[in-house]
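Visitor: Sequence:
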Amino acid sequence: MYLTMEPSESTKSKRPFRLGSGGAVLAKIVAMAVAGALLIALVFILSRKAIPTEMPVGDLPGWKQTGAQDFTTPATLGRVGEVYGSDMRGYHDLEDTSGQGLYTPDSVLSVKDGKLDYHLHTKGGIPRVASVVPFGYAGQTYGRYSIRFRSDTLPGYKIAFLLWPSSDDWLEGEIDWPEGELDGKMYGVSAIKDSTLKGPARFDPSTRYYSPTDATEWHVATTEWTPGKVKWFWDGELVGETTMPKGVPTTDMRLTLQAETKDGADSSSPKPETSGHLEVDWVVQYAYAP
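If you're matching positions, the sequence shown starts at 0 in numbering that gives the first Met the number 0 and goes up one per residue.
The reader is advised that the hints may include incorrect statements.
Within a straight-line C-alpha distance of at most 30 Å, the following computed DSSO-like cross-link-like pairs (lysine-lysine) qualify [to be verified]:
(1) LYS184 <-> LYS270
(2) LYS245 <-> LYS230
(3) LYS122 <-> LYS184
To be clear, the hints were calculated from the coordinates, so they are not data collected in a lab.
Please take these sequences and the hints and turn them into a complete structure.
Guide: Here it is in structure tokens:
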């Protein structure tokens with residue numbers, strides 16, 4: 000037995016749905032918007048500066064290369080100073096900035112697989128850190144500096160890759176980039192020269208501008224220091240810059256790659272079990288040559 004159903008009157012009266020002229024226009028607008036967004040994204044991707052993975056060699060327009068290190072010679076723990084010189088070994092047997100960590104390069108630094116490795120860890124109840132000076136203590140006035148690096152996530156530890164006065168007189172200022180805790184994003188800052196003569200140290204810019212990502216993947220951080228201006232770049236993109244020309248340092252400064260305990264660290268931070276690696280693939284230095 001077969002059952003047949005006749006369409007009801009209400010069904011008979013319905014008409015197939017057709018996109019009216021207004022709907023067609025709307026569809027075209029949506030399609031054009033999507034195509035425009037894709038075009039903008041493509042232009043952005045193609046226009047971005049290529050992020051170098053290999054160490055740059057040679058001069059750049061307005062800059063003369065004065066130092067380059069890509070760590071091609073292996074060095075086990077305790078031998079970095081022997082292989083690369085005492086400056087690369089850096090500070091030793093000194094407290095770090097917070098007072099909780101101790102600079103012990105022979106238990107922290109090694110070079111393997113073409114990378115300078117900082118093994119940040121606690122031993123004997125003391126966080127072990129390191130701070131190296133890749134191009135010597137003499138320094139230079141003005142320059143461009145690029146570092147390719149990455150880090151494990153290490154709560155309680157930080158980096159401050161900085162330009163420090165060759166005279167060791169903080170009145171001459173300080174330029175930091177990248178700086179930040181090793182479980183977050185990086186920022187750049189410049190200590191205004193002579194500011195401590197008038198009270199607490201002042202920094203430029205007064206508002207911190209952060210990198211778009213953290214440092215768990217490989218990135219290139221670049222500082223450009225010229226008369227009256229400092230600029231900070233992350234993978235070729237401008238992150239921040241100074242705003243007070245008279246506050247920019249004007250004397251010789253040396254590049255220092257400092258890994259230490261975070262600002263305000265205490266006996267509970269970093270935790271003793273926190274252990275991991277900060278790696279530097281290469282570092283280059285240029286003199287200002289307008």
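Visitor: With reference to the structure, classify each hint as holding or not holding.
Guide: Hints versus structure:
1. LYS184 <-> LYS270: Distance ~20 Å between LYS184 and LYS270 Cα, so the pair holds.
2. LYS245 <-> LYS230: Holds - the C-alpha atoms of LYS230 and LYS245 are around 15 Å apart, at most 30 Å.
3. LYS122 <-> LYS184: holds (27 Å)
Consistency note: the structure conflicts with none of the earlier hints.
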